[in-house]
Amino acid sequence: MASSDLVRMANDIAANFRYLGTEKAAASVANHIRMFWAPAMRTELLELARGTGTPLDPVVIAACQVLKTS
Amino acid sequence: MTTLLKEHDLGTPPRLGDLVTVEVDGMPVSVPVGTSVMRASALAGVDVPKLCATDSLEAFGSCRLCLVEIEGVRGTPASCTTPVADGMRISTQTPRLEKLRRGVMELYISDHPLDCLTCPANGDCELQDMAGVVGLRDVRYGYAGENHFEEKTDASNPYFSFDPTKCIVCSRCVRACEEVQGTFALTIEGRGFSSKVSPSGTSFFDSECVSCGACVQVCPTSTLEEKSLISLGVPRRTVLTTCAYCGVGCSFKAELRGDEVVRMVPYKDGGANEGHSCVKGRFAWGYATHKDRILSPMVRESSDEPWREVSWEEAISYAATRLKAIQERHGAGAIGGITSSRCTDEEVFVVQKMVRAAFGNNNVDTCARVCHSPTGYGLKTTFGTSAGTQDFRSVEHADVILVIGANPTDAHPVFASRMKRRLRSGAKLVVIDPRRIDLVRTPHVEALHHLQLQPGTNVALMNALGHVVVTEDLVDREFVSERCEDDSFAVWSEFVSRPENSPEALAPVTGVPAEDIRAVARLYAQGPNSAIYYGLGVTEHSQGSTMVMAMANLAMATGNIGRDGVGVNPLRGQNNVQGSCDMGSFPHEFAGYRHVGDDSVRAIFEEAWGRELESEPGLRLPNMFDAAVDGTFRGLFVQGEDVAQSDPNTKHVKAALASLDLLIVQDLFLNETAAFAHVFFPGTSFLEKDGTFINAERRVNRVRPVMRPRNGKQEWEVVCELSRALGYEMHYDNASEIMDEIARTTPTFAGVSFELLDKVGSVQWPCNEKAPLGTPVMHIGQFVRGKGHFAETPFVPTEERTNRRFPLILTTGRILTQYNVGAQTRRTDNVLWHGEDVLDMHPFDAEDRGISDGDLVTLASRVGETTLHARISDKMPQGVVYTTFHFPATSANVVTTEFSDWATNCPEYKVTAVQVRARSREPIEESSEAAGRSSHREPSPANTHPEDERHGVLARGRVR
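First to last, the sequence lines map onto chains A and B. 23 is the number that this note's numbering gives to position 38 of the first sequence; each next residue is one higher, with no gaps. Positions in the second sequence are counted from 1; adding 1 to them yields this note's numbering.
Just so you know, the hints here were simulated from the structure itself, not pulled from any lab data. Note that CB positions come from ideal geometry on N, CA and C, so glycine has one too. Take the hints with a grain of salt, since some may be wrong.
Not the full set, but computed from the structure, chain B residues with beta-carbon under 7 Å of chain A [claimed, not checked]:
no., residue
1, H589
2, E617
3, P618
4, G619
5, L620
6, D627
7, A628
8, D631
9, P795
10, V797
11, W903
Simulated pairs of lysine to any residue, SDA-like, Cα-Cα distance not exceeding 25 Å [said to hold, decoys possible]:
no., chain 1, residue 1, chain 2, residue 2
12, B, K381, A, L5
13, B, K381, A, R27
14, B, K325, A, A25
15, B, K381, A, A12
16, A, K9, B, D599
17, A, K9, B, S494
18, B, K652, A, R(-7)
19, B, K269, B, S426
20, B, K381, B, V778
21, B, K153, B, G143
22, A, K9, B, T799
23, A, K9, B, S498
24, B, K381, A, N16
25, A, K53, B, S616
26, A, K53, A, H17
All chains, please: the whole structure from these sequences, using the hints.
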């Protein structure tokens, strides 16, 4: 899947949970992605988060940490 | 049914109240106070002769045929306008009454053509019946006197004709147009002998008539008659079934001669429509037998080759072989399926079962993804289940009605008529919509407030309403403390109370004056019964799910949930959006909205289906397209949807479809999507289907076959055979066995069966041990999730912004006479009203661009452009343009973008930054894509759609 689509979708989710503050927002984003995203999409997102230069929202990057550890 | 079903007409509408007992011709009968003598008599088994009365209309008292004698009352009062009184003794048959009635009939017949034997209504005419009932034997006045025999027939409407020579001026049609439909298109013109029914001085076609058919239905003679009946003759038998258009789910009597449909008549006992209809359900069913129907399976190696007609066995084997080959090469997850909201629950259920059990993944989604998926997310989060809270009847108890992002008079017309009836009787209306939809000001209905907000600011507006409710102490504290979570209410309450959520702070964002927002909040909170009805103007936004939750918050905070007259009610677009969602079409949920990751739920289906099932969510519809372009998703089964026309960013969708190794389309017609297909399974129309649809009020309605499947197989049978060819045994003897399986595995449907539906007509889920006859109103006493949850709803503006290049906002929608991608309605005479998509724009925006009404314009966004005619309309706010997506020649979704709801990926159809440029006043040429399609369609006889050919002509025709 195109990285731009994944980045846009993940950032949109983050934007709507940002009001919770980074830690809670990251947990909520991770939970949302776990509930609704196919595993392959999650894997691709984690790979994107590992790289540099991807315009991922900091909340998404934090959420990816939660996804990796859960 | 082997005979024609004729419903008993009780003459006047029912009344509610304490019972009184009267005696009719010596027979006692108890009826509610206020009931007419006519209705009481009919309930006692005595039908008083009548002509101007019918039980769908209030009594009128003009024909003087229904006279009765009442003990102690002077004269012979009309039974239709006389209410019963306790102890009343009524005589309906006396020598005096017989003489009076014969005299009345003589007068009617003296000015009526005596052509009964050649009249289309012969055998279906109340005037004829009454002449017999009163014993008319001669007419003392003769037939040579002044009469109306030279009046001309108005055949301008494509579906019915008006022959004034047969009119008895009973005013039923005029009253039906007013009371039932609420359009007020008809009137009685002239006085005395010159009185005549008139569509306000013009032809029916050119009038305000919306062709709902209510006038035709109540006409007691052949004055207003269906043209199909005139050409085919009176019907002989009835099959009760359900309309396959919008989410209202109207019940119809399909009236037939043999297997040929003569007419569709709305069924009085239909729970959703109670005897009313619209132009689509009533008349636009001819597509089912249209010559464009594909009736044989077809295959081809690649989409640039001609189609090859093959046997069912070969088509299924071919599809299975290629699907298996893809999975062997690219993995189990490389294929998936899309279910259709136009198909039955049973057809949808087997497709999602095939994907989960035979494909071995959860890559199944439904077209509801692109319309009401945010409803599912929002209402489940706040209330606990993904469905509207009320039945349609509930609106009759509403005092304040908020219509948000919906256009019921066009998209849900039969419910709109019900709503307008309530509004005419005093309920207050608030419309929240950028466009001035018809409901804002229509005969005898006017919105108290029209909040004409900027597209994309729904959530900001809703937060401002919440702010007023909380800060002005309008919260229903008792309801909130008893029924809702304390902690989430406290968080929400603090959130909306912040100054940045005040109407004053948000007025510049929403474009709505603060005082209007405050007035609406007070009105809604103080109801006492306030109801929200909403449509895709809520869901098809980047914050569609947030908006649904914001509305739910407001309803809970003001205690407007859990009884008649209130609620949060999604108006579903297609006939079975609710059902397709209920049946487990989403990639993360089994039937009944239970997550695939829930071990206990998965165990139910694994045991029922004998397969280990995937516990992770599959790909959503847009994810499938993205993955197809990326090359990781290679095979797709599409059931009854035209994604190449309906889904956003057409260029991207077509690129995805073109990338697939295998595309299987199951449909009635070779649609835009089929141009990319390798296998075509011909589908069945609603007149051939056997199953159920579920409407917007959760009503499970039976769909009964009127004729055998013209393609030779029910759609669910084809899916079962494909599944078997893939190695997973799936077999049902009939559709009712599929519903039995749904009931066994899905607690909210535990009590549903064809047997029950045949017995009681319809039920609204949940239907189970606790509610054996269903649940009209949900969340009474307790929410499905226990305590109601308040969700925080911060406003996050869409990324789609206007700029110098694209300074206007486009919103898209639908129109009364057309439906979705138009595959059905474009193949009917409905094109006479709306033969092309047009672009509505404000006069100032048009003037700025040198555009006049009717000009051909280019509509362009950052992803694509299309050409269509402009219509200058002050219904549009400045800066916003609007079009429909019914015609492939226009392909409005060429322009819409990839942006979507953050939670569900429902596309943001309602906000696209665009520019409009004048072109010329030439008619639209057939698009190169449409022309290019021809090569894909050979050698099918259905290569060219008549409407494609007609389009240039229609583009110059009238557009309403």
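(request) Let me know if the C-beta of L620(B) comes in closer than 7 Å to any C-beta of chain A, holds or violated. (result) holds (5 Å)
(message) Min Cβ distance, P795(B) to chain A: is it shorter than 7 Å?
(response) Result: holds, 4 Å to nearest chain A Cβ.
(message) Just to be careful: measuring from the Cβ of V797(B) to every Cβ in chain A, is the smallest value less than 7 Å?
(response) It holds, given that the least Cβ distance between V797(B) and chain A is near 5 Å, below 7 Å.
(message) Tell me if the interface restraint on D631(B) is satisfied: Cβ within less than 7 Å of some Cβ in chain A.
(response) holds (5 Å)
(message) Interface hint check: H589(B), Cβ to nearest Cβ on chain A, cutoff 7 Å. Holds or violated?
(response) holds (6 Å)
(request) Quickly compare the C-alpha distance for K381(B) and N16(A) to 25 Å and report which way the hint goes. (result) Given that 25 Å is the threshold and the Cα spacing comes to 16 Å, the pair holds.
(request) Take a quick look at whether K53(A) and H17(A) sit within 25 Å of each other, Cα to Cα. (result) holds (14 Å)
(message) Checking one constraint from the list: CA of K9(A) to CA of S498(B), max 25 Å. Satisfied?
(response) holds (22 Å)
(request) Compare the distance between the alpha carbons of K153(B) and G143(B) with 25 Å, and conclude whether the hinted pair is satisfied. (result) holds (23 Å)
(request) Measure nothing beyond the straight line between the CA atoms of K9(A) and T799(B); if it is 25 Å or shorter, mark the hint as holding. (result) holds (23 Å)
(message) Check whether the Cα positions of K325(B) and A25(A) lie no farther apart than 25 Å.
(response) The hint holds at about 20 Å.
(message) So if I understand the rule, the pair passes when the alpha-carbon distance is 25 Å or less; does K269(B) with S426(B) pass?
(response) At roughly 22 Å apart (the allowed maximum being 25 Å), S426(B) and K269(B) satisfy the hint.
The structure shown violates none of the earlier numbered hints.
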